[in-house]
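Participant: Starting from the known structure of chain A, fit chain B onto it as the hints suggest.
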Amino acid sequence: MDQPNSRHTNADPVLAQAVEWVDEGRRVALATVTRTWGSAPRRAGSHMAIAANGDFAGSVSGGCIEGAVIQTALEVIESGEPRTLEFGVTNEMAWEVGLACGGRVHLFVEPVVGAPAVETPVQQAR
Amino acid sequence: MRGDVLREVVDAQRAGRDVVVATRLSDGAQELIARGARSAVLGLDGDAVAAALATGDPRTVETADGPVFLRPYVRPPRLIIVGAVHIAQALVPMATIAGLQVTVLDPREGFATADRFPGAALVTEWPDMVMDGLRPDDRTGVVALTHDPKIDDPALIAALESDAFYIGALGSRKTQAARRERLGGLGFDGAALERIHGPVGLPIGARTPEEIAVAVLAQVIGALRLG
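Order-wise, the sequence lines are chains A and B. Numbering follows my numbering, in which position 98 of the first sequence is assigned residue number 181; successive positions increment by one, without gaps. Numbering follows my numbering, in which position 180 of the second sequence is assigned residue number 224; successive positions increment by one, without gaps.
Next up, chain B with everything else stripped away, as it sits in the complex:
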């Protein structure tokens, strides 16, 4: 990759901008195309570039001058963790390693501290104040871990009103039933409530907070990759 293109890709990723690098495989001729921009060097079809950006999947397209490899670099999927609790302390580094961009949300400043979550993006606000700003989309998962309806419910409501690819909530079957009751009372129907994974995580018999984090992360990845 050309050094300047490489640097632009890294800068774009750090700034959260989506780009495509197009490389002609015969001679290595290369250009970087930003979302919405036109291919000026290799004369590529705009639809092919747009499709690569939409799916995030690379593809090779044929041109008059031979095959061109399109490598999109799109923003990583996000995971919003509600509750700066023990499970979250394990889930944040695991999810980060797995390539998710993690935000921890907890209004309790004693929980959401940099000491407990070194390097993590922490938001110490009530979910109903910030979930709109976080704009969950179809590349966003939301998992509620506080056990406290005052904190979990507003986050789950915002998630249910979004296209979030994953919604999960900690709690026993009894807790889940009570939650369904509350959210059902707010007008969410059965299909909507079915979107909430709870009890949370794949059933692997997880016991410790760390094991539960593994179960949750596996379920999130399953939702991302398998739908």
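If we strip away everything but chain A, and leave its shape as in the complex, we get:
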């Protein structure tokens, strides 16, 4: 008989995408919603993965702040240092990249540091 409990379940598609990019030797950052207030569209724990060429998967808002998060992610990929971000109506950039819905979010943007699964240390010099 089948053993339905033991069969594989699905991984978070955003994290799976990040692993795939790393395995392709691409440099990647991961943005995570760490805290929300008010009517923020994505819950804490939501992920967005960003590759060095600007490809991204997942979301951290309803589309309002993704552009700014990608920009930060590219800087994080370059510097190798994690950053915290805050967006919301209290942000001085609210009209440019704030949450139109009026919510407020904290984000953590970190580089994905590590070699691909295949043991070829791709510390690329680009």
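Heads up, a few of these hints could be off.
[Said to hold, decoys possible] Restraint ranges, calculated between C-beta atoms of paired labels, are given here:
1) Ile-141(B) - Gly-108(A): 38 to 46 Å
2) Asp-138(A) - Ala-236(B): 21 to 29 Å
3) Gly-234(B) - Trp-120(A): 39 to 47 Å
4) Arg-239(B) - Glu-103(A): 36 to 44 Å
5) Gly-137(A) - Ala-235(B): 50 to 58 Å
6) Trp-120(A) - Pro-162(B): 25 to 33 Å
[Unchecked claim] So, partial list: chain A residues that the calculated Cβ filter (under 10 Å) puts toward chain B:
7) Ala-99
8) Arg-118
9) Glu-149
10) Ala-151
[Unchecked claim] Computed footprint of chain B on chain A, listed as stretches where at least three residues anywhere in the stretch have a Cβ under 8 Å from a Cβ of chain B:
11) 100-107
12) 111-117
13) 138-145
FYI, nobody ran anything at the bench for these hints, they're computed from the structure. Since the model is a prediction, treat every value here as computed from it, not as a measurement. From the three backbone atoms N, C-alpha and C, an ideal C-beta is built for every residue, glycine too.
Facilitator: Same frame as chain A, now just chain B:
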């Protein structure tokens, strides 16, 4: 996220293991903690880690070295669909996209085929033979779609005997009344039978199998999120 931690999270999810990733927000220091294991790197309180795993909700905890973000990765809610019927063909991909882990159960091998359900987890057994093994719990929904008491009833009985967060059964009001009669005769009281959503799905006037699948999925999500 550290590459090795990221990979471990994805592996754990694929294997159905629950883990927590703890990240110190000041410097990105990170560790992966499996269910039941202790925080060895960041020295976190075991209760906080356990609470994150129990609820599935992330939280930030204060430590002597600053705030640490706990992100649990727990198994997704499950949906057991009884009946590899037309509605199920629409419901399986919709529910999968919504993040549910779907199993289709139908003893009729002509219905539960890989052609009709590409990529789906299919179990071609009688529900009374396999529902125990599927172990419905409070993160499991069960929806019976065959219209056939021989198949639906045993699945519903197993669901009623479990903590399933959602139980639904296709059928007209007349069919529902007959079903209540049968299950009542087996000793299920009114409160137990009230757990069965039927006619199934939110009342949105759904007509086609695809629309009924939307109505059912919306009701399942409502039960999951609103209780």
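Participant: Decide, hint by hint, whether the structure agrees.
Facilitator: Hint by hint, here is what the structure shows:
1. Ile-141(B) - Gly-108(A): 38 to 46 Å: violated (30 Å)
2. Asp-138(A) - Ala-236(B): 21 to 29 Å: violated (51 Å)
3. Gly-234(B) - Trp-120(A): 39 to 47 Å: Given about 42 Å between the Cβ atoms, the range holds.
4. Arg-239(B) - Glu-103(A): 36 to 44 Å: holds (41 Å)
5. Gly-137(A) - Ala-235(B): 50 to 58 Å: With a Cβ separation near 55 Å, Gly-137(A) and Ala-235(B) satisfy 50 to 58 Å, so the hint holds.
6. Trp-120(A) - Pro-162(B): 25 to 33 Å: violated (42 Å)
7. Ala-99: Status holds, d = 6 Å.
8. Arg-118: holds (6 Å)
9. Glu-149: Check failed: Cβ of Glu-149(A) comes no nearer than 19 Å to chain B, outside 10 Å.
10. Ala-151: Hint on Ala-151(A): violated, closest Cβ of chain B at ~19 Å, above 10 Å.
11. 100-107: holds (count 3)
12. 111-117: Satisfied; 3 residues make the cut.
13. 138-145: violated (count 0)
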